[in-house]
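Asks: Chain residues, written in single-letter form:
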Amino acid sequence: MILTGPEIRRAHATGDIAIEPFEPANVGPNSYDYHLGESLIRIQADAEGRLTSTSHDIPQQGMLLEPGSLYLGATRERIGSKVYAITLLGRSSVGRLGIFLNVTADLGHVGSDSNWTLELSVVQPVYVYAGMCIGQVAFWEVDGPRGFYDGRYKGDVRPERSKDPALNGRAAVKEIYS
Amino acid sequence: MILSGDAIKAAVAGGDIVIEPFNEAQVGPNSYDFRLGNRCKVYKDQVLDPLKQNEVVESVIPPEGLLLAPGRIYLVNTLETMGSTKYVPIIRGRSSTGRLGLFIDVTADLIDLGSINQWTLQLVPVLPLLIYPEILIGQVTFWTTKGAPAAYSGRYKGRESPTESLAYQDIPLGK
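Listed in order, the protein sequences are those of chains H and D.
So for the first sequence, the working numbering puts the first residue at 37; every next one is plus one.
So for the second sequence, the working numbering puts the first residue at 268; every next one is plus one.
These aren't lab readings, by the way, just hints derived from the structure by calculation.
From the structure, some residues in chain H lie toward chain D, with a derived Cβ separation under 10 angstroms:
| hint | residue |
| --- | --- |
| 1 | 37 |
| 2 | 39 |
| 3 | 43 |
| 4 | 64 |
| 5 | 98 |
| 6 | 100 |
| 7 | 126 |
| 8 | 127 |
| 9 | 137 |
| 10 | 160 |
| 11 | 161 |
| 12 | 162 |
| 13 | 176 |
| 14 | 179 |
With the C-beta cut set under 8 angstroms, the calculated list includes, among others, these residues of chain D facing chain H:
| hint | residue |
| --- | --- |
| 15 | 379 |
| 16 | 410 |
| 17 | 411 |
| 18 | 437 |
A virtual CB, placed ideally from N, CA and C, is assigned to each residue, including glycine.
Bound-form chain H, shown alone (with noise of 0.2 angstroms):
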């Protein structure tokens, strides 16, 4: 089952659901809506196919995000519960503008609790600017006994790149993240 709007407000009260800062007027009729955060890792190939990871502050003035790239962002907020699953996706307004927020990886595990990494990639070029509403989250009853989730990236407050040792071994990849 999903949660509407008022249960995840009323589970937010009781600390089943921690979302950091937590604003009313973000609640909607069964997800909340969650704003991006102040900084991007954008990742792209060379022309020689070597990948190249570059940190920006997003300026005042927005950032163009543009086509064949890969920007890692964060969440404003911290979202976590210890009893939910939690699914993360892209609001339709944004979705309306061609932004991706996620590459087929929207499940949050029970347990987890981090400001999330965004995985955004676009259609058209576009500008994001810092704490902007990009996103939300919807929470999901679970069956059974829980688990809890106790991964690389919990706890994370900024955007993180992959730490996957299956994945980084690969040469291209290193490059970037040693």
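Put chain D on the given structure of chain H with help from the hints.
Replies: Positioned in the frame of chain H, the structure of chain D alone reads:
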């Protein structure tokens, strides 16, 4: 919990789910196959800005098809008016359209309770692809909820679909 095809049929008959027009042949084991409408909007400018009202060019998809080009977003309405105040809809492409490299939404698959209208699909092709009016393009699933219901009062309610992004109506940044 996700509704079975039979539960979707019962909910449509009982008025808890709106699917109009409704065709029993489009009910799957745990979803409903919906069709593509024929109204299309593309943005006039290549570079988009959520703080601005991005102008769009409207067209009608002809029976002989519309060629989608990679690198653009095409906003097209669903043929059906759909929604529910009881079950949360989630949309996705059909496997047959996914195999052709067509995204039908841009990480915006969750529909608000009470959002009952023709939905705006965000078509993004990986490869050049021809689309036609009324083809079966996606599936909608329906999910039971926990907690008191909330009424949808969103800005896309009651608008004729497809509707371009209204992000520029957001509260100004920093407030």
